[in-house]
Amino acid sequence: SAVISQKPSRDICQRGTSLTIQCQVDSQVTMMFWYRQQPGQSLTLIATANQGSEATYESGFVIDKFPISRPNLTFSTLTVSNMSPEDSSIYLCSVEGKWGMALDTQYFGPGTRLTVL
Amino acid sequence: SQQGEEDPQALSIQEGENATMNCSYKTSINNLQWYRQNSGRGLVHLILIRSNEREKHSGRLRVTLDTSKKSSSLLITASRAADTASYFCATAPTSGSARQLTFGSGTQLTVLP
Chain A
1 SAVISQKPSR
11 DICQRGTSLT
21 IQCQVDSQVT
31 MMFWYRQQPG
41 QSLTLIATAN
51 QGSEATYESG
61 FVIDKFPISR
71 PNLTFSTLTV
81 SNMSPEDSSI
91 YLCSVEGKWG
101 MALDTQYFGP
111 GTRLTVL
Chain H
118 SQQGEEDPQA
128 LSIQEGENAT
138 MNCSYKTSIN
148 NLQWYRQNSG
158 RGLVHLILIR
168 SNEREKHSGR
178 LRVTLDTSKK
188 SSSLLITASR
198 AADTASYFCA
208 TAPTSGSARQ
218 LTFGSGTQLT
228 VLP
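Just so you know, the sequences run in chain order A and H. Just so we're aligned, residue 1 is where the first sequence starts under the numbering used here, counting upward by one. Just so we're aligned, residue 118 is where the second sequence starts under the numbering used here, counting upward by one.
One should not assume that every hint holds.
Computed list of chain A residues with no C-beta within reach of chain H, every gap over 10 Å [what the hints assert, rightly or not]:
hint, residue
1, THR17
2, GLN28
3, THR44
4, THR77
5, SER81
6, ASN82
7, PRO85
8, GLU86
9, ALA102
10, GLN106
11, TYR107
Here are the computed lysine to any residue pairs in the SDA-like style, where the Cα-Cα straight-line distance is at most 20 Å [claimed, not checked]:
hint, chain 1, residue 1, chain 2, residue 2
12, H, LYS173, A, THR105
13, H, LYS186, H, GLU172
14, A, LYS65, A, ASN50
15, H, LYS173, H, SER156
16, H, LYS173, A, ASN50
17, H, LYS173, A, LYS65
18, A, LYS65, A, CYS13
19, A, LYS7, H, GLY157
20, H, LYS186, H, ASN147
21, H, LYS143, A, GLU58
22, H, LYS187, H, ASP124
23, H, LYS187, H, SER168
24, A, LYS7, A, PRO110
25, A, LYS7, A, ASP104
26, H, LYS143, A, PRO71
27, H, LYS143, H, LYS187
28, A, LYS7, H, SER168
29, H, LYS173, H, ARG158
30, H, LYS187, H, ARG158
31, H, LYS173, H, THR137
32, A, LYS65, A, ASN82
33, H, LYS143, A, SER42
34, H, LYS187, H, SER145
35, A, LYS65, A, SER53
36, H, LYS173, H, LYS186
37, H, LYS143, A, ASP26
38, A, LYS65, A, SER84
39, A, LYS7, H, LEU163
40, H, LYS143, H, ARG158
Since the hints were made in silico from the structure, they are not lab data. Where a beta carbon is used, it is the ideal one built from N, C-alpha and C, also for glycine.
Using the sequences and the hints given, assemble the complete structure.
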């Protein structure tokens, strides 16, 4: 499987501030995604991080709130902007298309647990 | 919106018993994947079954897929306390270039020692 790390693993933030979450993969991957998991809920896709171009957002998620970067094939960041308590969630990145692995299997990072006060 | 519904929402069994979780989905899929999540941590990929497959095995796991009923099941045999976790199914679409997964609502499995 892919080795995926996320930083930070958890954080407690004040409302109105922003937090940038990093996702690093141990080798190049084709696809990178960002998901949100609200407390006690399942996962919801935020966006697909595209290398060298703007991310593709799902309905209900906008770039101003969740700007995403993907400067290369192993790294991506998600920023949660102007946070409110409703943004308290676990944020997970996932990857697909790692060389040597099944192309359509998605592997997930350990997640970032965000609490907004 | 979530593609899949899973039942039961919660399942409690004794160690050594088998656990069966079911997943239903709404649209045509390319594949269906099962994941495990321990207490709010990252997801661990368990098994992938493609739309042209009916059954797959991996260790103590058995997954079935019925595309005519748009449903899948995950069977864990001889369960252990360490199997206690949330289990999610996730589907990948057949159409479009996007490869994003749509997750079910999850089943919380508790295995009692």
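Okay, the hints, checked on the actual structure:
No Cβ of chain H approaches the Cβ of A:THR17 within 10 Å, the least distance being about 22 Å, so the stated non-interface status holds. In this structure A:GLN28 is separated from chain H by more than 10 Å, as the shortest Cβ-Cβ distance comes to about 16 Å. Distance to chain H contradicts A:THR44 as a non-interface residue, since its nearest Cβ pair spans about 8 Å, not more than 10 Å. The Cβ of A:THR77 sits about 17 Å from the closest Cβ of chain H, beyond the 10 Å cut-off, so the non-interface label holds.
Against chain H, the non-interface label of A:SER81 holds: every CB pair exceeds 10 Å, the least being about 22 Å. Residue placement check: A:ASN82 keeps its beta carbon more than 10 Å from all beta carbons of chain H (closest about 25 Å). Its beta-carbon lying about 17 Å from the closest one in chain H, A:PRO85 satisfies the requirement of being farther than 10 Å from that chain. Listed as outside the interface, A:GLU86 is consistent with that label: its C-beta sits roughly 18 Å from the nearest C-beta of chain H, beyond the 10 Å cut-off.
Interface exclusion of A:ALA102 from chain H breaks down, the closest Cβ pair being 7 Å apart, not more than 10 Å. Not every Cβ of chain H is farther than 10 Å from the Cβ of A:GLN106; the closest lies at roughly 6 Å, contradicting the non-interface assignment. Listed as a non-interface residue, A:TYR107 fails to keep its Cβ farther than 10 Å from every Cβ of chain H; the least gap is roughly 6 Å. Restraint check for H:LYS173 and A:THR105: satisfied, since their Cα atoms lie roughly 15 Å apart, inside the 20 Å limit.
Proposed proximity of H:LYS186 and H:GLU172 is supported: the alpha carbons are some 14 Å apart, at most 20 Å. This hinted pair checks out: A:LYS65 and A:ASN50 have alpha carbons roughly 17 Å apart, not beyond 20 Å. Taking the CA atoms of H:LYS173 and H:SER156, the gap is near 26 Å; set against the 20 Å cutoff, the hint is violated. Restraint check: the Cα-Cα separation between H:LYS173 and A:ASN50 comes to about 32 Å, which exceeds 20 Å; the hinted pair is violated.
Restraint check for H:LYS173 and A:LYS65: not satisfied, since their Cα atoms lie roughly 41 Å apart, outside the 20 Å limit. Distance check on the hinted pair: A:LYS65 and A:CYS13 sit about 16 Å apart at the alpha-carbon level, within 20 Å; holds. For the proposed pair A:LYS7 and H:GLY157, the alpha carbon gap of about 16 Å is at most 20 Å, so the pair holds. This hinted pair checks out: H:LYS186 and H:ASN147 have alpha carbons roughly 15 Å apart, not beyond 20 Å.
Between H:LYS143 and A:GLU58, the direct Cα distance comes to roughly 18 Å. Compliance with the 20 Å bound is thereby established for this hinted pair. A threshold of 20 Å between alpha carbons decides the hint, and for H:LYS187 with H:ASP124 the separation of about 14 Å falls inside it, so the pair holds. Of the supplied pair hints, the one linking H:LYS187 and H:SER168 holds, its CA atoms being roughly 10 Å apart against a limit of 20 Å. Straight-line distance between C-alpha atoms of A:LYS7 and A:PRO110 comes to about 9 Å, which keeps the hinted pair within the 20 Å bound.
A hinted pair counts as satisfied when its Cα atoms are at most 20 Å apart, and A:LYS7 with A:ASP104 does not qualify at roughly 25 Å. Between H:LYS143 and A:PRO71, the direct Cα distance comes to roughly 35 Å. Violation of the 20 Å bound is thereby established for this hinted pair. As the CA atoms of H:LYS143 and H:LYS187 are separated by approximately 7 Å, the hinted pair is consistent with the 20 Å bound. Straight-line distance between C-alpha atoms of A:LYS7 and H:SER168 comes to about 35 Å, which puts the hinted pair past the 20 Å bound.
Under the criterion of a C-alpha separation no larger than 20 Å, the hint pairing H:LYS173 with H:ARG158 is inconsistent with the structure, at around 26 Å. Our distance criterion of 20 Å between C-alpha atoms is broken by H:LYS187 and H:ARG158, whose separation comes to about 29 Å. For the proposed pair H:LYS173 and H:THR137, the alpha carbon gap of about 14 Å is at most 20 Å, so the pair holds. For the proposed pair A:LYS65 and A:ASN82, the alpha carbon gap of about 7 Å is at most 20 Å, so the pair holds.
Note on H:LYS143 and A:SER42: the hinted pairing holds, with a Cα-Cα distance of about 17 Å set against a maximum of 20 Å. Proximity of H:LYS187 to H:SER145 is assessed by CA-CA distance (about 8 Å); at most 20 Å being required, the pair is judged to hold. With a CA separation close to 17 Å, the supplied pair A:LYS65 and A:SER53 stays within the 20 Å bound. Taking the CA atoms of H:LYS173 and H:LYS186, the gap is near 17 Å; set against the 20 Å cutoff, the hint holds.
A threshold of 20 Å between alpha carbons decides the hint, and for H:LYS143 with A:ASP26 the separation of about 35 Å lies outside it, so the pair is violated. With a CA separation close to 11 Å, the supplied pair A:LYS65 and A:SER84 stays within the 20 Å bound. Straight-line distance between C-alpha atoms of A:LYS7 and H:LEU163 comes to about 24 Å, which puts the hinted pair past the 20 Å bound. About 27 Å separates the Cα atoms of H:LYS143 and H:ARG158, which puts this hinted pair outside 20 Å; it is violated.
Violation of the numbered hints given earlier is confined to hints 3, 9, 10, 11, 15, 16, 17, 25, 26, 28, 29, 30, 37, 39, 40; the remaining hints are satisfied by the structure.
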